[in-house]
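Using the sequences and the hints, build the whole thing.
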Amino acid sequence: MTGNTIQTLPGSLSAAGHARGHLRALESEAIHILREVAGEFERPVILFSGGKDSILVLHLARKAFHPAAIPFSLLHVDTGHNFPEVLAYRDAVVAGGDLRLTVAHVQDWIDDGRLTERPDGTRNPLQTVPLVDTIADERFDAVIGGARRDEERSRAKERIFSLRDAFGGWDPRRQRPELWDLYNGRHAPGEHVRVFPISNWTELDVWNYIEAEQIVLPAIYYAHEREVFLRNGMWLAPGEWGGPVGAEMLQRRQVRYRTVGDMSCTGAVESAASDVGAVIEEIIATRITERGATRADDKLSEAAMEDRKKEGYF
Amino acid sequence: MGETTVTEPKLPLTDADRPAQSGVRGLLRFATAGSVDDGKSTLVGRLLHDSKSVLSDQLDAVQRTSAARGLDSPDLSLLVDGLRAEREQGITIDVAYRYFATGARSFILADTPGHVQYTRNTVTGASTADLVIVLVDARTGVVAQTRRHAAVAALLGVPHLLLAVNKIDLVDFDEAVFDSIAAEFDRYAVDLGIGEVTAIPVSALHGDNVVTRSARIDWYTGPSILEHLEQVDLSDTSGDGALRFPVQYVIRPRSEQYPDYRGYAGRITAGTVRPGDEIVVLPSGVRSVVSSIDTADGAKDLATAGDSVTLLLVDDVDLSRGDLISGAADAPVPVTEFSATVTQLADKGLRPGLRALLRYGTATYRVIVIRIEHLLDIDSLTEVDAPTALSLNDIAQVTLRTVEAVPVEEFRPGGAVGSLLIIDPADGTTLAAGMVGDRRSALRHRRTADHTERCRPTTGLLATGTASDQREAAVPSANFPTPGP
Ligand SMILES: Nc1nc2c(ncn2[C@@H]2O[C@H](COP(=O)(O)OP(=O)(O)O)[C@@H](O)[C@H]2O)c(=O)[nH]1
Chain V
1 MTGNTIQTLP GSLSAAGHAR GHLRALESEA IHILREVAGE FERPVILFSG GKDSILVLHL
61 ARKAFHPAAI PFSLLHVDTG HNFPEVLAYR DAVVAGGDLR LTVAHVQDWI DDGRLTERPD
121 GTRNPLQTVP LVDTIADERF DAVIGGARRD EERSRAKERI FSLRDAFGGW DPRRQRPELW
181 DLYNGRHAPG EHVRVFPISN WTELDVWNYI EAEQIVLPAI YYAHEREVFL RNGMWLAPGE
241 WGGPVGAEML QRRQVRYRTV GDMSCTGAVE SAASDVGAVI EEIIATRITE RGATRADDKL
301 SEAAMEDRKK EGYF
Chain P
1001 MGETTVTEPK LPLTDADRPA QSGVRGLLRF ATAGSVDDGK STLVGRLLHD SKSVLSDQLD
1061 AVQRTSAARG LDSPDLSLLV DGLRAEREQG ITIDVAYRYF ATGARSFILA DTPGHVQYTR
1121 NTVTGASTAD LVIVLVDART GVVAQTRRHA AVAALLGVPH LLLAVNKIDL VDFDEAVFDS
1181 IAAEFDRYAV DLGIGEVTAI PVSALHGDNV VTRSARIDWY TGPSILEHLE QVDLSDTSGD
1241 GALRFPVQYV IRPRSEQYPD YRGYAGRITA GTVRPGDEIV VLPSGVRSVV SSIDTADGAK
1301 DLATAGDSVT LLLVDDVDLS RGDLISGAAD APVPVTEFSA TVTQLADKGL RPGLRALLRY
1361 GTATYRVIVI RIEHLLDIDS LTEVDAPTAL SLNDIAQVTL RTVEAVPVEE FRPGGAVGSL
1421 LIIDPADGTT LAAGMVGDRR SALRHRRTAD HTERCRPTTG LLATGTASDQ REAAVPSANF
1481 PTPGP
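As given, the protein sequences belong to chains V and P, one line each in that order.
Residue numbers for the first sequence follow the numbering used here, so the first one is 1 and each next one is one higher.
Residue numbers for the second sequence follow the numbering used here, so the first one is 1001 and each next one is one higher.
If you're looking for bench data, these hints aren't it; they were derived computationally from the structure.
Note that the Cβ used here is the ideal one computed from N, Cα and C, for glycine as well.
Careful, some of the hints might be misleading.
Pairwise CB distance ranges (calculated) [claimed, not checked]:
(1) Gly1103/P x Glu117/V: 34 to 40 angstroms
(2) Thr1336/P x Gly169/V: 53 to 59 angstroms
(3) Gln254/V x Leu1392/P: 55 to 61 angstroms
(4) Ala1061/P x Pro238/V: 25 to 31 angstroms
(5) Gln1257/P x Pro189/V: 33 to 39 angstroms
Structure follows, in structure tokens:
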């Protein structure tokens, strides 16, 4: 089963009846936001990486426009260091036939000299330029992402509709106050708006919803055995991007991923949680934020995320 | 689509099954407000820390920074310090949103820093709040900023106000100090027409009465701040009254399976809807009947305020984004001129003659500012003479005129009905946000209505007003819409 069908099996949230639960309120809010995008923009696109947050956004979009097709296309910035399981998932979703996917390969930008490989091999920061270029080339005016405000401190004040200039840049002064549920998506030609429909969800909300809606995720989100090595306190998977090196030693561990970004900087956590319920139990027990646990690039500096956002990163 | 109802299968998960996480008594949205140095960051940090909502890596970072600054114990205000750097650099201050959950509820906190842009931020943060915590320093008591924050909360119709009398340790936990601050604030709140005020003595720094009740403040027998947040009554009245359903998008699959499907997608802003209900489409006035309520999870027998659904109508009606589907029995009358209480949010001020765009519901109209009636002095909520143009953070009463008739109606607390934006057509800037009607006189009316039944046991401790009706049910509509000149 791929993630591109809406699950209305037992366990669907609808079965909560008229109980106005928290998840249901979050779902209604996200659907409202996605429909605003469809109503206000000409060329909206969903950033779709095959990661759980983007899978969730896609699932919500299907629900928002049911029984019609989603009026958005998909965009993936492929660093070239993605997990094969995640790419396979992405391709299975598109194989459903009703979605158009644009892939921007970071490798293409490196090949023709628009970008230079970093000495540490990490390509996460290199995504920005291909993203912004592709948004401009395709004239996307709304770019929908799965970022959440609870992920990281500088995201806490991000708008649901976040205005970006022609260079993808985020100017704090131009961000509009958002009151009630009135979202202002107006922008000048060349500018675009990033839209975050699951801003108000926490990691636990996401997993509870995945369980309730029986949303299928790439298998690497659940415990599996994998060859990994330790770097900066994180379990990394080996790959062409450059690891392990020196004294770093490959070992077999039972791990799962909490986020699935570029392989060079996305760490796994040791875990025995092999299904959604177990993951939820683990999250409740864990006291480490998703990003703190598994994103090397956020550890670079406290202001890391803020800086990249100003450059047009998500 | 038929009117079939999907039989709902047995569930592995309902929110009630997971009382340890979230949702049993729903979600509370609240905002914090206080002057600089009253201890707001410390309070919020303490709330997150003591409710075990701080994750270990975040706490490690705070401990490292605190140690680097030579502090003995971690400075919890650092947990929420993201905005402080901005403040010091003097750039735009924003509302930051934080999330935590306890066994009883999930919380979304809109953290609004005290700053020159306070009104803009407080209005934004409070616009969706069920409750506002107003912080005062026990040594200084109620100051101008305190009154402003309370006034903004009142204007926006926030149903609950919590006065946190902080730094009570610095006044030797003195009951008399607390009582006099609580009494002064309460008098002001009554003046404003605020329904319910709760006052709590706290020491954010030491944790007294933030999450757990303090043994050191034995004369106080009420709840801690967190207990109050967990218990405060969230009875939701948005489902009462007639249906309001701004159409966001028309769903037309034109597929083999659904050749003739035509559904109107939106989120119910007030009332409820059932198949068979009579509706009227505004502004056209065309009438029809709801044939079914569709969702991706199947058709529904009933949907209520807050639900995102798709309505199908019996008749083939010409309907598009921006139209309002309303219950037929009690529909708003579209007008071309009306009065609104607005907050100026951008530098380019509203002034008579200004042409702009009006966002109301899902529709956008051309609008012209006819008059600024008066400014509200937000220290006292009294009316002062109108300036020639509004300045950032001003709250004012204005008269607006549109070309096409708009089905506006009196603002309702929560803002799902009666809220608006005024947008600069040149660059899309949100110039002002507004509430249809005259909010100041609406409060005044409520205050007179409340006055007789509200006997005030304001003897400190828990200064709680009558909880009977915190919402503004029956505001006389005399002020609205304004008659033309
Ligand atoms: N003694 C005492 N000091 C406090 C208390 N709450 C905050 N403070 C101190 O007051 C100062 C300002 O607090 P902060 O939280 O940064 O204020 P903010 O500007 O409102 O966010 C800091 O030095 C805090 O340690 C309290 O309850 N008791």
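Right, here's what the structure says about each hint:
no.: 1; hint: Gly1103/P x Glu117/V: 34 to 40 angstroms; verdict: violated (49 angstroms)
no.: 2; hint: Thr1336/P x Gly169/V: 53 to 59 angstroms; verdict: violated (40 angstroms)
no.: 3; hint: Gln254/V x Leu1392/P: 55 to 61 angstroms; verdict: holds (56 angstroms)
no.: 4; hint: Ala1061/P x Pro238/V: 25 to 31 angstroms; verdict: holds (30 angstroms)
no.: 5; hint: Gln1257/P x Pro189/V: 33 to 39 angstroms; verdict: holds (38 angstroms)
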